[in-house]
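Undergrad: Please take these sequences and the hints and turn them into a complete structure.
Positions 1 to 252 (my numbering) are the ones given, in order, by the sequence shown.
Hint data in this document are derived by calculation from the structure and do not stem from the laboratory.
Hints are supplied without guarantee of correctness; some may be wrong.
Stated by the list, open to error - Computed Cβ-Cβ distance ranges for the label pairs, DEER-style: (1) Q249 to A11: 20 to 30 Å; (2) Q173 to L252: 24 to 34 Å; (3) S244 to I61: 17 to 27 Å; (4) V103 to F36: 42 to 52 Å; (5) R64 to S244: 37 to 47 Å; (6) C241 to E119: 14 to 24 Å; (7) I79 to Q173: 45 to 55 Å; (8) D169 to G62: 16 to 26 Å.
Quick caveat: nothing in here was measured; it's all calculated off a predicted structure.
Where is the CB? At the ideal position from N, CA and C, for every residue including glycine.
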Amino acid sequence: MNIAHLLFLVAAGLVAGTVNSIAGGGSLISFPALLFVGLGPIVANVTNSLASLPGYISGTIGYRRALPHQRHRLIQASIACVFGSVVGTVILLTTPVSYFRAVVPFLILGACALLVFQERISLFVSFSKVSSKSKWVMPLAIGISAIYGSYFGAGLGIILLAILSIFSDETLQNNNALKITLSVVIASVGDLIYVLVTHVAFLDAGVMAIGFILGGFLGAKIASRLSARVLRISIVIFGVCVSSILFYQTYL
1 MNIAHLLFLV AAGLVAGTVN SIAGGGSLIS FPALLFVGLG PIVANVTNSL
51 ASLPGYISGT IGYRRALPHQ RHRLIQASIA CVFGSVVGTV ILLTTPVSYF
101 RAVVPFLILG ACALLVFQER ISLFVSFSKV SSKSKWVMPL AIGISAIYGS
151 YFGAGLGIIL LAILSIFSDE TLQNNNALKI TLSVVIASVG DLIYVLVTHV
201 AFLDAGVMAI GFILGGFLGA KIASRLSARV LRISIVIFGV CVSSILFYQT
251 YL
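TA: Now the structure itself:
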């Protein structure tokens, strides 16, 4: 790894961590950055997951006071996340690289769509409280989200927050605290399996993780000064460009 490579990954992690703190969608920056430095799609995906984990952990620590009274929901959802993460990880590891490469452009476009419709999803959520009698529906939805999260993950936070908001009357802050904690569970289970059975670019992950951590703190500082909407639009444009390039390389 030369100095330019190192600085590029730190910068990408910094931007991605900042974006995650302000609007979500940081993986749409960090994942393409890892592809750009020459990692294969699956290795880049695994490395990106490992690099982003410290940022999730620091977020959980920051929200620790909002978690104790949600212990029952946390345990129930975490169990679903563990099972879902294992399934998603197995699917990724048993899928031929050519299949994953073929689906990545569409996954990135899907993540862009989540960012585009994030506000509408939030509006829908506010009018869509589901009966508490459907106690099995939330763990099922969380588990399915965990499958996606450990398989690819971009936009996972939006999905989790929507599900938690639909199935509870908790405040947005409490749901966000639980969302970040569940992201730690999903990433930790997947990363543990990846580290044991597949190749991970540890040096790249470590360098980018530094950027993620710094970006998380930076995002918290500037969140009140920067329009999340403008940032979200910029990320979507970038994501569409990356998806178009990957689509061209894969199919044309």
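Undergrad: Look at each hint and say if it fits the structure.
TA: Cross-check of the supplied hints:
Separation of Q249 from A11 is about 24 Å and conforms to the stated range, judged on CB atoms against 20 to 30 Å. In this structure, Q173 and L252 break the distance hint of 24 to 34 Å, their C-beta atoms being roughly 46 Å apart. Take S244 and I61: their Cβ atoms lie about 38 Å apart, and the range 17 to 27 Å is violated. Between V103 and F36 the Cβ separation comes to about 19 Å, which falls outside the hinted range of 42 to 52 Å.
As the Cβ distance of R64 to S244 is approximately 41 Å, the hint placing it in 37 to 47 Å holds. At roughly 22 Å, the beta carbons of C241 and E119 sit within the given window of 14 to 24 Å. Range check, I79 to Q173: about 24 Å between beta-carbon atoms, so the 45 to 55 Å window is missed. Range check, D169 to G62: about 23 Å between beta-carbon atoms, so the 16 to 26 Å window is met.
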